[in-house]
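*Asks:* Start from the sequences and build out the full structure, keeping to the hints where you can.
From first to last, the protein sequence lines are chains A and B. So the first sequence is numbered by the working numbering: it starts at 1 and just counts up by one. So the second sequence is numbered by the working numbering: it starts at 338 and just counts up by one.
Keep in mind that the hints are not guaranteed to be accurate.
To be verified - Derived list of chain A stretches under chain B, where covered just means 3 residues or more per stretch with a C-beta under 8 Å from a C-beta of chain B:
#	stretch
1	45-53
2	56-64
3	88-96
4	128-141
5	150-160
6	192-205
Said to hold, decoys possible - Label-pair ranges, simulated between beta-carbon atoms:
#	chain 1	residue 1	chain 2	residue 2	range
7	A	T165	B	R672	52 to 62 Å
8	A	P256	B	T339	25 to 35 Å
9	B	F373	A	E162	18 to 28 Å
10	A	P22	B	K381	27 to 37 Å
11	B	K381	A	F36	27 to 37 Å
12	B	A497	A	T165	30 to 40 Å
Since the hints were made in silico from the structure, they are not lab data. Values in this document were obtained by computation on a predicted structure and should not be read as measured data. Note that beta-carbon positions come from the ideal geometry of N, C-alpha and C, so glycine has one too.
Protein chains: 2
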Amino acid sequence: MTYRDAGVDLDAADRLVERIRPAVTSTWGRLVVGGFGGFAAGIKLPPGYADPVLMMTTDGVGTKAEVARRAGMIEGLGYDLVAMCVDDLAAVGARPLALTDYLAVGQLDPDRLEPLVRSIAAACSEAGVALLGGETAEHPGVMEPDEFDLAAAALGVVDAGEEVTGEGIGAGDAVIGVASPNLRSNGFSLVRTAVVDRLGLDAELPGTGRTVAEAVLAPSVIYAPAVLEALLRIPIAGLAHITGGGIAGNLVRVLPEGVMAAIDTATWTPPAVFDAVAEVGGISHDEMFRTFNMGIGFVTVTARRHAERVIASFGASGHEAWQIGEIELGPRSVRLV
Amino acid sequence: MTYRDAGVDLDAADRLVERIRPAVTSTWGRLVVGGFGGFAAGIKLPPGYADPVLMMTTDGVGTKAEVARRAGMIEGLGYDLVAMCVDDLAAVGARPLALTDYLAVGQLDPDRLEPLVRSIAAACSEAGVALLGGETAEHPGVMEPDEFDLAAAALGVVDAGEEVTGEGIGAGDAVIGVASPNLRSNGFSLVRTAVVDRLGLDAELPGTGRTVAEAVLAPSVIYAPAVLEALLRIPIAGLAHITGGGIAGNLVRVLPEGVMAAIDTATWTPPAVFDAVAEVGGISHDEMFRTFNMGIGFVTVTARRHAERVIASFGASGHEAWQIGEIELGPRSVRLV
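*Replies:* Here you go:
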């Protein structure tokens with residue numbers, strides 16, 4: 001009996017590694033040290049950090065991978081993966097430097113997986129991070145042959161004292177939302193059960209002018225470069241990446257004691273995909289706001305006098321942003337009205 | 338319909354986070370910056386690095402998780418996970434600093450998962466790394482309720498120019514093996530098919546005096562602290578972590594052109610678990626050496642005059658080590674005799 005008989009093909013793994021080499025190394029700027037294919041790869045710190053703090057975060061794309069697999073549309077998942085990780089770094093004010101990806105598959109088919117790794121590399125380039133390494137693990141008999149799971153970890157840097165913690169948030173501050181045109185990579189177990197299992201993937205998702213697959217699988221926007229650009233120029237008191245849940249659950253994580261955020265949901269109209277998911281799935285307004293980003297993928301909190309500059313800065317980076325609420329005295333909480 | 342109806346319980350996730358807080362933060366030395374529960378956590382570089390290169394690596398425990406799940410013995414997996422990652426860093430001469438874990442589960446049951454995260458934290462403490470963050474992703478309908486997958490990424494540091502690349506390996510150098518008493522976390526799809534599916538988990542694994550579950554699930558040794566200790570004192574030309582395959586496939590990764598490693602397999606007797614796996618599974622000698630570590634979990638290459646000091650250094654760190662071969666002129670390859 002051989003390892004290959006048991007479903008693990010180390011030669012296929014080697015072939016995949018060779019095929020993704022150009023895409024992976026294309027993300028390597030001049031700070032990267034060492035070669036491709038070693039036990040670990042390295043990166044130097046960019047200049048200008050007096051007292052660097054290294055920040056790490058990790059996340060996956062969740063069961064968006066399962067919907068993408070069923071639809072045969074996996075090319076956007078790299079953007080979801082990179083966005084989930086680097087936007088967590090941006091939320092603490094850290095500049096993302098590098099990323100490693102972890103891909104678990106039932107069967108390692110280089111033809112099928114190469115486009116996935118290419119999309120991760122493309123998203124890394126857009127986010128300005130080096131794809132320093134990765135692991136592709138074959139799990140025969142545990143996962144279906146074409147099933148896969150996708151996660152990553154990212155490394156970033158911020159100067160000590162420059163971390164954005166939310167500590168300085170005070171009453172009167174403006175809460176600014178940055179637009180997300182789609183679901184990003186959260187809530188997909190609900191999307192799957194409530195929408196995909198009911199309508200299928202090829203039906204039109206009502207009101208969106210797109211199929212269910214197209215509407216729900218639209219890739220995540222990557223905010224990190226725009227957030228860092230704003231941080232360079234404008235004092236910002238708090239940042240929240242709307243991830244793993246809704247606006248309230250994420251924004252409250254950075255509020256200090258004694259203040260609440262009052263969010264006026266009338267200041268925007270969520271993209272049509274959210275209405276469609278709510279209607280097809282029979283999901284309440286409150287549950288929608290608890291589970292999904294509802295069109296706001298990132299939140300910044302800043303003194304009111306800086307609000308217009310923050311909004312303009314995101315606009316110049318290509319992201320629509322607007323004031324969605326303000327900070328008031330009160331018990332630490334987020335109130336959606 | 339709610340997110341919870343779809344199988345995702347954000348409250349259970351919050352409960353797990355609160356329950357693992359003490360174990361996670363117990364790994365945080367004084368270099369860690371920031372609090373628990375934010376979007377990312379940070380660590381400062383230890384002092385003494387003139388031109389630091391940050392190294393990242395990622396790995397998982399593979400389908401050892403599936404065998405551990407079936408056996409109800411998951412407490413050792415943290416050591417496997419941490420060893421797989423930090424020993425890759427040690428193989429390039431980097432000091433491991435921090436780790437993030439990624440846990441995908443069918444159903445997030447805090448009672449079941451807390452021991453797993455505790456074992457990761459305990460292994461991080463042994464390896465001297467801070468468990469900076471983690472993600473627990475619930476994948477209902479995609480994974481069975483009690484199924485899980487476990488991966489991690491690790492961050493390390495080495496001074497530029499001090500990376501161990503194997504470049505300096507030359508004819509006449511000694512190849513030193515460091516003992517692994519067990520399978521570590523590789524080859525488990527083969528172990529599962531060839532042994533577990535035939536004998537079950539509770540039968541005695543012939544010649545080991547232990548059940549199949551006990552023998553195959555024994556946790557990985559963590560080599561990184563011992564490797565770094567040796568590197569501090571002794572010039573070492575090359576290092577290889579025996580992972581994701583056998584001695585030859587890993588050692589060849591660090592050999593320069595023009596030299597071959599001749600390994601004399603008569604210099605040691607593999608632990609009984611390897612013989613038992615080969616015999617029960619009907620696996621050839623060559624396939625065993627291609628797939629498993631065969632009792633050598635880490636390899637160092639050094640000038641012959643330093644060999645005894647390297648062996649003594651590992652011994653002082655609690656790891657048996659001995660010369661298993663030498664470097665000869667020849668086509669870049671590893672020859673097992």
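*Asks:* Decide, hint by hint, whether the structure agrees.
*Replies:* Hint check results:
1. 45-53: holds (count 4)
2. 56-64: Holds: 7 residues of the stretch 56-64 of chain A have a Cβ under 8 Å from chain B.
3. 88-96: Coverage by chain B holds for the stretch 88-96 of chain A (5 residues, Cβ < 8 Å).
4. 128-141: With 9 residues close enough to chain B, the hint holds.
5. 150-160: This one holds; 7 residues, not fewer than the three required, reach chain B with a Cβ under 8 Å.
6. 192-205: holds (count 3)
7. A:T165 / B:R672: 52 to 62 Å: For R672 of chain B against T165 of chain A, whose Cβ atoms are near 56 Å apart, the range 52 to 62 Å holds.
8. A:P256 / B:T339: 25 to 35 Å: Since P256 of chain A and T339 of chain B have Cβ atoms about 30 Å apart, the given range 25 to 35 Å holds.
9. B:F373 / A:E162: 18 to 28 Å: At roughly 20 Å between Cβ atoms, E162 of chain A and F373 of chain B fall inside 18 to 28 Å, so the hint holds.
10. A:P22 / B:K381: 27 to 37 Å: holds, 35 Å
11. B:K381 / A:F36: 27 to 37 Å: holds, 29 Å
12. B:A497 / A:T165: 30 to 40 Å: holds, 32 Å
Figure legend: structure checked against the earlier numbered hints; every hint is met.
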